[in-house]
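**Student:** As a plain string of letters, each chain reads:
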Amino acid sequence: MQNNQPEIAIETKNLFIFYGSFAAVSEVNMKIEKQKITAIIGPSGCGKSTLLRAFNRMNDFVPSSYVTGEILLHGQNLYGKDIDPVEVRRKIGMVFQKPNPFPKSIYENITWGAKINGFKGNMDELVEQSLRGAALWDEVKDKLKKSAYELSGGQQQRLCIARTIAIQPDIILMDEPASALDPISTLRIEELMQELKQNYTIIIVTHNMQQAARVSDYTAMMMLEKDGSRSGTVIEFSETKRIFTNPKDKRTEDYVTGRFG
Amino acid sequence: MNPSRDHYPKGEELQRSLSARYRNASIWQILFLSALVIAILSLAALLYNVVDGAFGYVAFEYKNDPSEFTAKPLDDLNQQELLDILTANLSSGAFKKLDNEKAMEKRSRSDLHTLVLERLIQIDTKQTWSMTDSIFRSSEIKAEVAEKYPDAKLEFRSWLTPVFLTTPMSSKAEFAGVRTAILGSLWMVGIAILFALPIGTGAAIYLQEYASKNLLNRIIQTNINNLAGVPSIVYGMLGLAIFVRALEPLTSGSMFGVTDANGRTILSAGLTMGTLVLPLIIINAQEAIKAVPDSLRQAAFGVGATRWQTVWHHVLPNALPGILTGSILAVSRAIGETAPLIVVGASTFISIDPDGPFSKFTALPIQIYQWTTRAQSEFHAIAASAIIVLLVLLLSLNAAAILLRNRFQKKY
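Protein chains in written order, with this note's numbering: chain A, 1 to 261; chain B, 1001 to 1412.
Calculated directly from the structure, the hints in this document are not laboratory data. Among these hints, one or two may not hold up.
Claimed, not checked - Calculated lysine to any residue pairs in the SDA-like style (CA-CA distance at most 25 Å, straight line): (1) A:Lys-91 <-> B:Val-1315; (2) B:Lys-1063 <-> B:Gln-1080; (3) B:Lys-1290 <-> A:Ser-147; (4) A:Lys-145 <-> B:Arg-1297; (5) B:Lys-1063 <-> B:Tyr-1048; (6) A:Lys-91 <-> B:Arg-1297; (7) B:Lys-1290 <-> A:Tyr-19; (8) A:Lys-13 <-> A:Arg-242; (9) A:Lys-145 <-> B:Phe-1195; (10) B:Lys-1096 <-> B:Leu-1083; (11) B:Lys-1290 <-> B:Gly-1229; (12) A:Lys-115 <-> B:Phe-1136; (13) A:Lys-146 <-> B:Arg-1405; (14) B:Lys-1097 <-> B:Asn-1078; (15) A:Lys-145 <-> B:Val-1315; (16) A:Lys-104 <-> B:Thr-1325; (17) A:Lys-91 <-> B:Arg-1405; (18) B:Lys-1063 <-> B:Phe-1095; (19) A:Lys-81 <-> B:Thr-1306; (20) A:Lys-104 <-> B:Gln-1409; (21) A:Lys-98 <-> B:Glu-1209; (22) A:Lys-98 <-> B:Gln-1080; (23) A:Lys-145 <-> B:Trp-1312; (24) A:Lys-115 <-> B:Leu-1296; (25) A:Lys-143 <-> B:Leu-1296; (26) A:Lys-115 <-> B:Tyr-1210; (27) B:Lys-1213 <-> A:Asp-60.
Chain B extracted, bound-state conformation:
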């Protein structure tokens, strides 16, 4: 006698209810799949858009014909010949200025080649085309160029070149590079992590292992969670007020005898970014510490360990992979943030590499932002190239952190 058995469907009815359940399940499955497809498509569209801008035809004219300077084709000249051309044709003031930046005799051939093109021949870009247009409308473009710019040369060009990575900023898009920005970004992220990782991990250890569950600690915990969601521009304001202004003697380096800087240094930017990612690091480190099984702590206490010995020898090593995962997220966030840097005062035009924490600086997102606001289409092309550089830099930093994490995880 089972009273409930009669209430369940049988036979025909069972079949119907079953197929309805399967139908329901497959509808949801399709919905989830399409969500994934939409996500992948939008990502692909983004990547396509970036790559599309970074390669393509470019129509340009020489302001001064190369034959005015040399009889041979420019590409065949050696270092000495290029130097002679520069010596003969540059004004002595301009030459001296370049010589001051870096001795002319010590410059490489490609460097000199670039200088000849930039200073003497002077490329004038007339128009650029996207990669898709360049491939599918090639003949139209050629006709258009022949008609509109009879003197112009048309060239399929990759704006993303090794030279682009290794040259500093320039006011002409054709000669501009991202070296200064890459170095600025790396310096900034390095300072941010050096600042935020020890402090964040320390705070997480205190909150997880030492703090009692009283009202004050609960308020602190809630506020850390909220801080992780504060808009980055607010951190920029904070950085401006504290690091750039209030701590100027420290961040400008005047305390250490640096005289030519104000507070708008790479140190201020790094500390601001560090503050920005601090809640992120604390929360992730807390989760990692929480995930260390309590049995391990008890084992350590059970053999007469103090709390600190337990934390240092067992909790921390076992939480380290998780803490590193948190720092990966922090690096990703810091390297892509733009708004706080604008507020803290990143330079939009700077061609000198940062050489220490007290340098003026720029960073990749700033550079990209600045180039995309320019009217000339060639700047949009180098902005697209810089975006690719930023993405690759981000991915390689992440990969490095993941490798590091796996190393620690494999220990046992």
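Okay, chain A solo, but in the shape it has when bound:
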């Protein structure tokens, strides 16, 4: 027994995500462990990103989308009546598929999120800490006033990570953060994730099964339901090692061994 009861960062209970009358994701029950990396894998169009975006209520911007069931953060339902989605997004940060820094300076990219959330500390310190946290400080410390658009794609993505950790979230969501990057930049992001998990809980969606196997502690396998409803669900969720070596579900096995997908 290496540790007693694992600490849960966030939990979904009987979660359904609808677009109008269409259930894009149905019946998801997951307990995501604190300070671990959880990967969500599965074929295209099975609702991985939809599920990820439900965690910080980014789906709210899609007209006619709604959620049933619960997502619990510290025992509090994120979709409860008195919950402000803006506050949710501060606690659960997000890194997107394509690097999307603000068209501002590197410095302002970090400070903007802090400023609008009423950060009262020392901005210079925050910028340095966040950039160090994203392993970007040494590359950009002499050009903080330069436009973020002058950075390479990989650097931009790490800047987006720095921007996210600057608002000190509990959880960081990553939606295929390396899919637009070259292999070396991808590797740096993956290394960075290992450092980040010392302090943050990370949930990552990825197309790349090797990446999931390399970086994650837990893996959730998503698949469309067999009944032809085109609704995605988590068919298997356990330790990554187990998903890739000894899956319970036949479909998971087919997928991770490349026979399907």
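Here the structure of chain A is known, so what remains is to put chain B in place on it, guided by the hints.
**Tutor:** Same frame as chain A, now just chain B:
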């Protein structure tokens, strides 16, 4: 085994089909080129026509010979001498009236010179000729003038002069200028933009960023698109009914203690023009806001921004160049519109500069319209000059807006 390969042309046939395709392409290319040439030619013809009218020979007589007033040539007189002539020869009533408009002692030499010519010597223009005629039929014109108007002087004249820009309206074409009209146009466009740009941008932000896609909003959107195509005279009627009549206490300034005006003020005209360009500004601002990538909004929301913070800090700054482009189009439209101004009640003859939103006013297109309807050919010449002024004013306003836009675009 590729079953479809046999169905494609080969050898001789391929050559034939290829050259047919090239021939087809070059015919279309020639058609497009000629469309461009026709467009350029018609533009050139328009410009030529305008310039042709603004310069040329003019035959004129002095009603009263200058020697009746002074022994020296008129052009050599200094300010004091000109003033003495005016004092001696003008009726005291006329002098007092001029003095009231602007103290005679304070008037410049060229001003007084103009007054002597206008009031005392009194130029009588007999005939004007276009620039082309003046250049190519010079000797014929001279012979004609010698025969028909033996006392007349013949002079090659540019009707477009610095004096033309800086003098107010006059009932005599030789002394008329467009200062009042330029100022009127600028005031009007300024008020129109101040009114329409914030409202239009606000409406566009609401429609793009806040409004849900329900039936009501779709109807509003369709109507805005249709309003952009409503004839300007209809906006004139609207302006007359609302701004001139219904809101008269506001637009005449009587609410603010202005007593001598009715609702036919520059404010009414500016607001009418603002209403006219409002749909144009909304549509352009919407397009500009639509063009801001969604990834930027998501980035802002992702760090815990509210919708307003996202719009104010990211969407609006990035849409600003596009919004300014829309306002350029709006300025161009507003400065050239004539019909609504006629309905709203622009003065056709006014020689006092507008000095505030509650002034009576005229505008360049009104002035041009009014001059072209006059029978005397010298008025057509100053109308042509005023058209050049209008075009230059339009181009410089556009240039200013483009410079402004590029400034914002270069930021990152």
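**Student:** Each hint should be assessed against the structure and marked as holding or not.
**Tutor:** Going down the list of hints, with the structure as the test:
For the hint pairing Lys-91 (chain A) with Val-1315 (chain B), the CA-to-CA distance comes to about 23 Å; that is within 25 Å, so the pair holds. Straight-line distance between C-alpha atoms of Lys-1063 (chain B) and Gln-1080 (chain B) comes to about 24 Å, which keeps the hinted pair within the 25 Å bound. Our distance criterion of 25 Å between C-alpha atoms is met by Lys-1290 (chain B) and Ser-147 (chain A), whose separation comes to about 23 Å. For the given pair, Lys-145 (chain A) sits about 22 Å from Arg-1297 (chain B) by alpha-carbon distance, which is consistent with the 25 Å threshold.
Under the criterion of a C-alpha separation no larger than 25 Å, the hint pairing Lys-1063 (chain B) with Tyr-1048 (chain B) is inconsistent with the structure, at around 34 Å. Distance hint between Lys-91 (chain A) and Arg-1297 (chain B) is fulfilled; the C-alpha atoms sit about 18 Å from each other, no more than 25 Å. For a cut-off of 25 Å, the pair hint linking Lys-1290 (chain B) to Tyr-19 (chain A) stands: about 23 Å separates their Cα positions. Between Lys-13 (chain A) and Arg-242 (chain A), the direct Cα distance comes to roughly 23 Å. Compliance with the 25 Å bound is thereby established for this hinted pair.
Annotation: proposed proximity of Lys-145 (chain A) to Phe-1195 (chain B) is violated, straight-line Cα distance about 37 Å (limit 25 Å). Between Lys-1096 (chain B) and Leu-1083 (chain B) the CA atoms are separated by roughly 13 Å; this keeps the pair inside 25 Å, and the hint holds. About 22 Å separates the Cα atoms of Lys-1290 (chain B) and Gly-1229 (chain B), which keeps this hinted pair within 25 Å; it holds. With a C-alpha separation of about 73 Å, the suggested pair Lys-115 (chain A) and Phe-1136 (chain B) falls outside the 25 Å cut-off, and the hint is violated.
Among the hinted pairs, Lys-146 (chain A) with Arg-1405 (chain B) is consistent with the structure: their alpha-carbon atoms are about 22 Å apart, no more than 25 Å. About 23 Å separates the Cα atoms of Lys-1097 (chain B) and Asn-1078 (chain B), which keeps this hinted pair within 25 Å; it holds. Using a Cα cut-off of 25 Å, the hinted pair Lys-145 (chain A) and Val-1315 (chain B) holds, with the two alpha carbons roughly 21 Å apart. Between Lys-104 (chain A) and Thr-1325 (chain B) the alpha-carbon distance is near 22 Å, which keeps this suggested pair within the 25 Å criterion.
The straight-line distance between the Cα atoms of Lys-91 (chain A) and Arg-1405 (chain B) is roughly 38 Å, outside the 25 Å bound, and the hint therefore fails. This hinted pair checks out: Lys-1063 (chain B) and Phe-1095 (chain B) have alpha carbons roughly 20 Å apart, not beyond 25 Å. Using a Cα cut-off of 25 Å, the hinted pair Lys-81 (chain A) and Thr-1306 (chain B) holds, with the two alpha carbons roughly 18 Å apart. Our distance criterion of 25 Å between C-alpha atoms is met by Lys-104 (chain A) and Gln-1409 (chain B), whose separation comes to about 13 Å.
The hinted pair formed by Lys-98 (chain A) and Glu-1209 (chain B) meets the criterion: a straight-line CA distance of about 22 Å does not exceed 25 Å. For the suggested pair Lys-98 (chain A) and Gln-1080 (chain B), the alpha carbons sit about 78 Å apart, so the restraint of at most 25 Å is broken. Proposed proximity of Lys-145 (chain A) and Trp-1312 (chain B) is supported: the alpha carbons are some 21 Å apart, at most 25 Å. Restraint check for Lys-115 (chain A) and Leu-1296 (chain B): the C-alpha separation of about 17 Å stays at or below 25 Å, so the hint holds.
Among the hinted pairs, Lys-143 (chain A) with Leu-1296 (chain B) is consistent with the structure: their alpha-carbon atoms are about 22 Å apart, no more than 25 Å. The hinted pair formed by Lys-115 (chain A) and Tyr-1210 (chain B) meets the criterion: a straight-line CA distance of about 24 Å does not exceed 25 Å. Of the pairs offered as hints, the one joining Lys-1213 (chain B) and Asp-60 (chain A) holds, with about 15 Å between alpha carbons and a cut-off of 25 Å not exceeded.
The structure fails hints 5, 9, 12, 17 and 22 (numbered hints given earlier, in ascending order).
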